[in-house]
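Here is what each chain is made of, one letter per residue.
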Amino acid sequence: MEQVKIHTLAVLVENASGVLSQVTRLFSRKGYNIESLAVGTTDDPSTSRITIEVLTDDQRAQLLCNQLRKLLPVYSVKLLEEDNEIRRELVLIKVSAAGSEQRNQVIQIANIFRASIIDVSQTTLTIAVIGAERKTEAIQNLLAEFGILEMVRTGMVALERGQHTINEDTKEKNEFDYGKNVL
Amino acid sequence: MQISGAKILMECLLEQGVDTIFGYPGGAIIIVYDELYRYRGKIHHYLTSHEQGASHAADGYARSTGKVGVCFATSGPGATNLTTGIATAYLDSSPVVFITCNVAEPLIGKDSFQEVDMIGISMPITKSNFLVKSADRLADTVREAFAVARSGRPGPVLVDILTNATTETAKYEPLPLPAHVTHGSLAALIHRASHDFKEPEPNSADLDKLGEMIAESKRPMLICGGGVVLSRAQEEFTAFAEKLDAPTAYTVMGCGGIRGRHPLATGMIGMHGSRASNMACAACDLLIAVGCRFTDRVATDTKSFAKQAKVVQIDIDRSEIDKNVPTAHHIIGDAKSVLRRMMKRVKQHDNSEWKAQVFSYPTDSQYPLDGDVLTPKQVCDACSRLVPEDTIVATDVGQHQMWCVQNFKFDYPGQLLTSGGFGTMGFGLGAAIGAKVGNPDKTVIHMTGDGSFRMNCNELATVAYYKLPIVTIIFKNNTLGMVRQLQSLTLGKRFSQTTFTNRGPDFVKLAEAYGLEGSRVKTVKELEKVLQKALKCGHGYVIECVINIDEMVRPMVKSGSPIDQFLMN
Numbered sequence: 316m317e318q319v320k321i322h323t324l325a326v327l328v329e330n331a332s333g334v335l336s337q338v339t340r341l342f343s344r345k346g347y348n349i350e351s352l353a354v355g356t357t358d359d360p361s362t363s364r365i366t367i368e369v370l371t372d373d374q375r376a377q378l379l380c381n382q383l384r385k386l387l388p389v390y391s392v393k394l395l396e397e398d399n400e401i402r403r404e405l406v407l408i409k410v411s412a413a414g415s416e417q418r419n420q421v422i423q424i425a426n427i428f429r430a431s432i433i434d435v436s437q438t439t440l441t442i443a444v445i446g447a448e449r450k451t452e453a454i455q456n457l458l459a460e461f462g463i464l465e466m467v468r469t470g471m472v473a474l475e476r477g478q479h480t481i482n483e484d485t486k487e488k489n490e491f492d493y494g495k496n497v498l
Numbered sequence: 032m033q034i035s036g037a038k039i040l041m042e043c044l045l046e047q048g049v050d051t052i053f054g055y056p057g058g059a060i061i062i063v064y065d066e067l068y069r070y071r072g073k074i075h076h077y078l079t080s081h082e083q084g085a086s087h088a089a090d091g092y093a094r095s096t097g098k099v100g101v102c103f104a105t106s107g108p109g110a111t112n113l114t115t116g117i118a119t120a121y122l123d124s125s126p127v128v129f130i131t132c133n134v135a136e137p138l139i140g141k142d143s144f145q146e147v148d149m150i151g152i153s154m155p156i157t158k159s160n161f162l163v164k165s166a167d168r169l170a171d172t173v174r175e176a177f178a179v180a181r182s183g184r185p186g187p188v189l190v191d192i193l194t195n196a197t198t199e200t201a202k203y204e205p206l207p208l209p210a211h212v213t214h215g216s217l218a219a220l221i222h223r224a225s226h227d228f229k230e231p232e233p234n235s236a237d238l239d240k241l242g243e244m245i246a247e248s249k250r251p252m253l254i255c256g257g258g259v260v261l262s263r264a265q266e267e268f269t270a271f272a273e274k275l276d277a278p279t280a281y282t283v284m285g286c287g288g289i290r291g292r293h294p295l296a297t298g299m300i301g302m303h304g305s306r307a308s309n310m311a312c313a314a315c316d317l318l319i320a321v322g323c324r325f326t327d328r329v330a331t332d333t334k335s336f337a338k339q340a341k342v343v344q345i346d347i348d349r350s351e352i353d354k355n356v357p358t359a360h361h362i363i364g365d366a367k368s369v370l371r372r373m374m375k376r377v378k379q380h381d382n383s384e385w386k387a388q389v390f391s392y393p394t395d396s397q398y399p400l401d402g403d404v405l406t407p408k409q410v411c412d413a414c415s416r417l418v419p420e421d422t423i424v425a426t427d428v429g430q431h432q433m434w435c436v437q438n439f440k441f442d443y444p445g446q447l448l449t450s451g452g453f454g455t456m457g458f459g460l461g462a463a464i465g466a467k468v469g470n471p472d473k474t475v476i477h478m479t480g481d482g483s484f485r486m487n488c489n490e491l492a493t494v495a496y497y498k499l500p501i502v503t504i505i506f507k508n509n510t511l512g513m514v515r516q517l518q519s520l521t522l523g524k525r526f527s528q529t530t531f532t533n534r535g536p537d538f539v540k541l542a543e544a545y546g547l548e549g550s551r552v553k554t555v556k557e558l559e560k561v562l563q564k565a566l567k568c569g570h571g572y573v574i575e576c577v578i579n580i581d582e583m584v585r586p587m588v589k590s591g592s593p594i595d596q597f598l599m600n
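Residue numbers (this note's numbering), protein chains in the order written: chain S, 316 to 498; chain V, 32 to 600.
Among these hints, one or two may not hold up.
[To be verified] Result set (EDC-like, lysine to aspartate or glutamate): computed pairs, CA atoms no more than 16 Å apart in a straight line:
no.	chain 1	residue 1	chain 2	residue 2
1	S	385	V	353
2	S	486	V	232
3	V	354	S	373
4	S	488	V	232
[What the hints assert, rightly or not] Stretch by stretch, here's where chain V covers chain S in the computed footprint (C-beta under 8 Å, at least three residues):
no.	region
5	383-397
6	478-489
If you are wondering where the hints come from, they were derived from the structure by calculation, not from laboratory data. Every value quoted in this text rests on a predicted model; they were computed, and no experiment measured them. Glycine residues also receive a C-beta, built at the ideal position from the N, C-alpha and C atoms.
Isolated chain S (complex conformation) (with noise of 0.2 Å):
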C-alpha cells in the first residue's frame, strides 16, 4: 500500500451548469473523499478553475485526474507537486471578545498572524485569515480558548509555481483529447 497524503488537483472547466456536479459525483463513484473543494471564474468568464483537495496515494490520484480529464466539460487537469505549488485559503473566525483585556489579546494575536478584523461587535470580534493549513490550524488554536462561536474556510487553491501554467499543450493533453474530440 502506497503512502497517502494530501493531493492538491487543479481543473480547468466549461463554466456551466451540472459541471461542478458532474466532477465532484465522480469523486464520490470512484469513492474518494474530498478534502477541500473551491470554484471560481478565471480570467476567461466561460472558464471556471476548481480546485480540490482528496486524501489518497499517487497511484489512486492519477488515475482519478484521468477520469476527470475524461469528461467532455473538463479542458485540463494539474496534479499540483507538494514542493512546488502554492496554497492558500482564506478562514473567517468570529471569536467571543466581551471584554476590552480580552478583545486586546484576541487583535494582538491577528496582528502577530497579519490577519485582520474585519467586523465587531459589543461581544465579538471577526477575524480573516490567509494562508495554508499550518497558519490558519494555529490561529484556530489560539482563538479557541476565547470561544469560537462561527467559523467558515473558502477552501484551498492553489497554483503552480514558476512559468508553467495548466493551460500548456503537452503530449497528454493531445492524448486525452483524441478520446473527446467530435470531428
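Go by the hints and put chain V onto chain S.
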C-alpha cells in the same frame, strides 16, 4: 424559418440521416410524437412493449449498423425505464442518442406528475447529457449530441427536452451535416481541443517505439478488444496480426474483430477463455491489447496478468491506460488509424515455434458429448451449422452467452450483439429487434436462457406486430445457470433462489399467445428440423431447447485467480 421545437427536432434528426427510431410515447413527449406523425413517411418509429426494450433495440441497431441509434421516451418512469439500456450502451461504448421529454419549465422542481431529474440520473452512465429548456437551443444541442455520441470513443448521450421547448417556436436554419462542426457549441468544443479542426493523429514516436518492441519480441500476443469492432478495423487488425504472426485472442466485445476461424485466433480470453488464449497470455513476452480495458472478466487477477510480458495498450481513450493493468507502453488513437500506420513499421515475422507452443492447447472449450440428452454445445453447433454465415447473433447474459461466444465463429464486426460490460439480462430480444430493423437482409437469431428471456419477453409483441422473422433459441435448464454454477463450485451446492422448476411460463404457449410459433425440442434431430422450419417461416419463432440443469461453462478461472489456473476444464 420559425417552427416549433418538435419540428426542429424532426429536422435535426433528418440532418443526421436518421430514418429509424425506437421508443414509447407519453404525456410529456406527446408533441414530439404528434410531429413524428407528420414525418412518418421519412422517419419510421418502432413502438416496443417497454422503454427498456426500445433502449436495447436502439443499441442493437447501432452496434449492428455502425450508425447512431435513436430512442425516444417520455418523462418520469418512461425515462427511468431507459436507465438499464443507457448503462448497457455506456459500458460497451455504443453510440445511442436517447431523447426524453420532461415537464414544462414552470413545473420543474415541484415533484410534478411524472417529473424526474433525468440529467442527474443519467450523469454517470452517459458520455454527455443535455437539458434543453427552450426551442432555440434545440438544433445546436441535438447536433452536438449526435457528434459526441458517434465520435472519439463512442457512447450514449441523453437529451432531456422540457415540454415547453417542444411547443414553442424558434428560428431554425437548416445546416448540412459536414457544417455542424463549424457552428455553435460544437465549434466551441472543437476549438478548445488541442487538435483544433484537424483530425487527431496517433503520435509517431509512440508508433516507432512499438515497432522496436515488436522487433525485440520472441513471443508476441495480440488481444482483439471491442475497440477493433467499434472502429470496424477487422482488415487492419488481421493484417497486423498476420505480419506479427502472433497468436490472437479476442474478448467478448472483440468477437468479429478478427475472424473466429482465422488460423491465428486462439479463441476467447479470460474467465471462460480457451486454454490456448489464457496459457499464451501467461507465457507471452509482449502483449498488445487493442481496444481492450482489461476488465476483471479478462484480467481475472491483475497482479499476475501477462506476468512475463511487456503490456502495450492501443486505445482511443487515454483514461483506460493503466486503469486495470499497468502497461509498459501505450498508443492513443483509433484502432484503424494506429494499425494502418504500424504496418509500415513492422517487418514480416515468423513465430512458428511460439505458435506451436500456444496451439498445443485447445482453442475451443472441451465439452463432453452425452448420448441422448441435448447439450449446450450441440445447440450451438446445430445453430451455426444451419444459419447463413453472416447471421447476426444477439445474446442475453449468462451461461448461454458464454456458450455462444465459445462455439460460434464470428466473421465480421457487429455480428455478435451482447452486453459484455454491463451484463444486462434481457438485452438480447430488444437488440435482435434493432438489428433486424437495421439489417433487413440478414438473418437474426436471438440466443437466450430461460432466466434472461423471462425478463423482457414482452418484446415478442414487437416481433409479432412488425413481422420480424427473429428466431429465439432458449437454453432451457430451469435455472439461473451461471449463478448455479458458482453455487455448485464455491458455495456447497446451496442453490439459493436460482431454480426455476415449476415456475413457468410455458414458452411455447407464450409464443403462441403473442401470435408467434413455438416448439420444444429435446434432441439434436428435433432441433435441426424445427430450426430449419423456423428460419424459413418468415415470422418470429421461439425454440425451447431442454438441457440439463447442471450444465456448466468450461473452462473456468475463478475471479481473483491467475488466468492460467483453471478451476475446472
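Report holds or violated for chain V covering the region 478-489 of chain S, Cβ cut-off 8 Å, minimum 3 residues. holds (count 5)
Would the hint linking residue 385 of chain S and residue 353 of chain V be met if the CA-CA limit is 16 Å? holds, 14 Å
Please verify whether residue 488 of chain S and residue 232 of chain V have alpha carbons no more than 16 Å apart. Distance ~13 Å between residue 488 of chain S and residue 232 of chain V Cα, so the pair holds.
Does the alpha-carbon distance linking residue 486 of chain S and residue 232 of chain V stay inside the 16 Å limit? holds, 12 Å
Below or equal to 16 Å on CA atoms is what counts here, so check residue 354 of chain V against residue 373 of chain S. Holds - the C-alpha atoms of residue 373 of chain S and residue 354 of chain V are around 14 Å apart, at most 16 Å.
Taking 8 Å as the Cβ threshold, is the statement that the region 383-397 of chain S is covered by chain V upheld or broken by the three-residue rule? It holds: at least three residues are needed, and the region 383-397 of chain S offers 4 whose Cβ sits within less than 8 Å of chain V.
In the structure shown, no violation is registered for any of the earlier numbered hints.
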